[in-house]
Amino acid sequence: MARKSAIPPSYYGEPHKFDPTFRGPVHHRGCTDVLCCVIFVIVILGYIVLGTVAWMHGDPRKVVYPTDSYGQFCGQQGTPNANKAILFYFNILQCANPTVLINLQCPTTQLCVSKCPDRFATYIDMQYNYRRNKSYWEYYKQFCKPGFNNPDKPVSQVLRDEDCPSMIVPSRPFLQRCFPDFITRNGILTVANQTSFKDGHGKIRSVVDLRDAANKVTAMQQGTESGITSLLDAKEVGIKIFEDYASSWFWILIGLVISMLISLIFILLLRFTAGFLFWMVIFGVIAALGYGIWHCYWEYSSLKGKPDSDITISDIGFQTDFRVYLQLSQTWLIFMISLAVIEAIIILVLIFLRNRVRIAIALLKEGSKAIGCIMSTLFYPIITFLLLAICIAYWAVTAVFLASSGDAVYKVMSTLPNCKYTNLTCDPETFSQSNVTKLCPGSQCTFAFYGGESLYHRYIFVLQLCNLLVFLWLVNFTIALGQCTLAGAFASYYWALRKPADIPPCPLASSFGRALRYHTGSLAFGALILSIVQFIRIILEYLDHKLKGAHNAFTRFLLCCLKCCFWCLEHFIKFMNRNAYIMISIYGKNFCASARDAFFLLMRNVMRVAVLDKVTDFLLFLGKLLISGSVGVLAFFFFTRQIPVIQEEVPSLNYYWVPLLTVIFGSYMIAHGFFNVYAMCVDTLFLCFCEDLERNDGSPSKPYNMPPGLHRILDKTDQAGKKYSVS
1 MARKSAIPPS
11 YYGEPHKFDP
21 TFRGPVHHRG
31 CTDVLCCVIF
41 VIVILGYIVL
51 GTVAWMHGDP
61 RKVVYPTDSY
71 GQFCGQQGTP
81 NANKAILFYF
91 NILQCANPTV
101 LINLQCPTTQ
111 LCVSKCPDRF
121 ATYIDMQYNY
131 RRNKSYWEYY
141 KQFCKPGFNN
151 PDKPVSQVLR
161 DEDCPSMIVP
171 SRPFLQRCFP
181 DFITRNGILT
191 VANQTSFKDG
201 HGKIRSVVDL
211 RDAANKVTAM
221 QQGTESGITS
231 LLDAKEVGIK
241 IFEDYASSWF
251 WILIGLVISM
261 LISLIFILLL
271 RFTAGFLFWM
281 VIFGVIAALG
291 YGIWHCYWEY
301 SSLKGKPDSD
311 ITISDIGFQT
321 DFRVYLQLSQ
331 TWLIFMISLA
341 VIEAIIILVL
351 IFLRNRVRIA
361 IALLKEGSKA
371 IGCIMSTLFY
381 PIITFLLLAI
391 CIAYWAVTAV
401 FLASSGDAVY
411 KVMSTLPNCK
421 YTNLTCDPET
431 FSQSNVTKLC
441 PGSQCTFAFY
451 GGESLYHRYI
461 FVLQLCNLLV
471 FLWLVNFTIA
481 LGQCTLAGAF
491 ASYYWALRKP
501 ADIPPCPLAS
511 SFGRALRYHT
521 GSLAFGALIL
531 SIVQFIRIIL
541 EYLDHKLKGA
551 HNAFTRFLLC
561 CLKCCFWCLE
571 HFIKFMNRNA
581 YIMISIYGKN
591 FCASARDAFF
601 LLMRNVMRVA
611 VLDKVTDFLL
621 FLGKLLISGS
631 VGVLAFFFFT
641 RQIPVIQEEV
651 PSLNYYWVPL
661 LTVIFGSYMI
671 AHGFFNVYAM
681 CVDTLFLCFC
691 EDLERNDGSP
701 SKPYNMPPGL
711 HRILDKTDQA
721 GKKYSVS
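Sequential numbering of the sequence shown, starting at 1, is according to this note's numbering.
If you're looking for bench data, these hints aren't it; they were derived computationally from the structure.
C-beta: ideal position from N, C-alpha, C; glycine also.
Mixed in with the good hints, there may be bad ones.
Below, a list of computed lysine to any residue pairs in the SDA-like style, where the Cα atoms sit at most 20 Å apart [stated by the list, open to error]: (1) Lys145 with Asp125; (2) Lys438 with Gln157; (3) Lys548 with Leu569; (4) Lys17 with Phe599.
Cβ pair distances, simulated, as ranges [said to hold, decoys possible]: (5) Ala408 with Gln194: 32 to 40 Å; (6) Ala82 with Gln433: 27 to 35 Å; (7) Gln647 with Phe449: 49 to 57 Å; (8) Asn83 with Ala408: 18 to 26 Å; (9) Ala408 with Ile204: 33 to 41 Å; (10) Tyr587 with Pro651: 51 to 59 Å; (11) Ser302 with Gln642: 43 to 51 Å; (12) Ser114 with Val155: 20 to 28 Å; (13) Gly147 with Glu648: 53 to 61 Å; (14) Leu465 with Asn83: 38 to 46 Å; (15) Asn129 with Leu543: 26 to 34 Å; (16) Ala408 with Val41: 35 to 43 Å; (17) Gly147 with Ile382: 56 to 64 Å.
Turn these sequences into a full structure, and let the hints steer you where they fit.
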């Protein structure tokens, strides 16, 4: 006896009835979600206004160039500082004050210089040696205020007026600022092989004090707590990586072109040998993983008895030369276990879901035929890429101009500890005539930061959030437009009774026109829902980053739960939006009605959807993995000089993994772009296929639109599935 379902058949809506006039996407349709369309257009116009206002008030030079104590840019062409591109701190030890991170201002004079100091020196020593050798002053005065040329001025007055720094230390430029040249030798921090130095005030200080001050400056500039030594090391690695890109960009480009050609050939071959090719991909990946497991075991066994091979990865830490890790037995053990787990998962999927894999391959075959009939769909991702590039560029430029909006704000800086005017706003043009200079001798009115008190300046952070939200909306709308366009084209193929004779002319262009003319509001509505969820996720990630040091376990647990929930919600909305856009492209209804119809149709076919969707994604993922992996293997042999024919052409590299990972990642993204069209085709055909089963029964009066081969496979699978529903 068949088990009765607890849910009535009509709970998820009535199945579609046979309609002899239905021939695919409805041509006579009206505009949908007009209100959302109007709001979307208004938001775009407002976004243009926001960008214009930001452009009027912002100045990217404030981000590109550091600013000295007089509000002048370092290194800007056409100014006295054109050849002085580096910012120098008179007394970087003053930056160790905890108030630096509160006021975002280091209480010492900052000047633009052409180069950083390369030696230890104090003003007192310079003044003493200057009487015997004038070159001491010639070197030291380049770090003094412009125009100051009085080395005989008493030291106390020079330091009070901050005409010159009390000391200079060997430094190197980083972030266009002079930082002490720290070097760690045998675990001991040094600067120019010294662990201590004179501070110019008669005291001996440790270089650890310099490091603490430099860390405060980098935290103030970067908004992080990273140490200056680690940042300088990162800079050196970054320079080497840049050099590798500069010398290998041509070969990287060739690798990406090869991956594009392989992806295109793969798609074209699917047109004729989809079933054979996908089974070859599956067994090819299984064989490659099997070889990988064997090779990892062989390497692990070879290193097992060698000295120092049993050192753990955590013991050696991060190394830029990845070959170091290949000398450890633990590395190969991790590789072997990882590959074995992946291999086991793939084999289990094939064993338990073999019938679904057959249906998925049958759908992929039909998708290959659809793409073969509408080849222009393969090149539509270029349009999506260009639109996304425009959105990203506009968002980035607007964000930079917003961040650099504001006028120069000057504050009182005094060397006296009891000056009550310290850190108060001042005007540099009238400061010399004010009472502050009398009450606090030696005080100065120096540049602090860019800001303002106007309504615009007070809400810059809110405008940045608006910039981010609209950016997400536009990106998701662009993706939605592409999905709806492709879905309309592929639906035209499926519902054509005689293929390709009944396919309407220019199906891709017609679908694009319908989506843009009638359904801009619906696409914007779906994109807005997804954008709001993504916006909340970004805020949660920001809060999680800020609260990483918090010891409140409940707060961390709550944030983790929220992040998990919104991650699931985002992926569910993406899935529903994708299917809603397919229904919009076919029937021309509004977003909510289309989402409801798509959801009900999927729920009426839930047993097919539950596994088939992920199986199809799994097969396409294997295809992407095979393409990027094959190009990656070729790139590995090339950049490690293991191809004798072109060995001399390989550029000299610091890290061969830099171009290698770039080629692998770029190849995967290129394959992902091609296979995304494939995935959209399969999703569209699957929904049409479900509707076809409801509308028609295969009789001469109600023939199926699906090919006979797909129907035979589905019929066998459904009959096998019914055995499990009988009690």
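Taking 26 to 34 Å as the hint, is the beta-carbon distance of Asn129 and Leu543 inside that range? violated (56 Å)
Do the Cβ positions of Ala408 and Val41 conform to the proposed distance bound of 35 to 43 Å? Since the Cβ atoms of Ala408 and Val41 sit about 38 Å apart, the hinted range of 35 to 43 Å holds.
Compare the distance between the alpha carbons of Lys145 and Asp125 with 20 Å, and conclude whether the hinted pair is satisfied. holds (19 Å)
Given the hint of 20 to 28 Å, is the C-beta distance from Ser114 to Val155 inside that range or not? holds (25 Å)
With a cut-off of 20 Å on the C-alpha distance, tell me whether Lys17 and Phe599 pass. Holds, at about 17 Å.
CB of Leu465 to CB of Asn83, is that within 38 to 46 Å? Between Leu465 and Asn83, where Cβ atoms are some 40 Å apart, the hint holds.
Falls inside 56 to 64 Å, the C-beta gap from Gly147 to Ile382? Taking Cβ atoms as reference, Gly147 and Ile382 lie about 58 Å apart, which means the hint holds.
Between Gln647 and Phe449, is the Cβ distance one that fits in 49 to 57 Å? At 55 Å between Cβs, range holds.
Range hint 18 to 26 Å (beta carbons of Asn83 and Ala408) holds or violated: At 22 Å between Cβs, range holds.
Tell me if the beta carbons of Ala408 and Ile204 are separated by a distance inside 33 to 41 Å. holds (38 Å)
Is it true that Ala408 and Gln194 lie within 32 to 40 Å of each other by Cβ? Hint holds: Cβ distance 38 Å, inside 32 to 40 Å.
Quick check: does the Cβ-Cβ distance between Gly147 and Glu648 fall within 53 to 61 Å? Since Gly147 and Glu648 have Cβ atoms about 57 Å apart, the given range 53 to 61 Å holds.
In this structure, the earlier hints numbered 3, 11 and 15 are contradicted, and the remaining ones agree with it.
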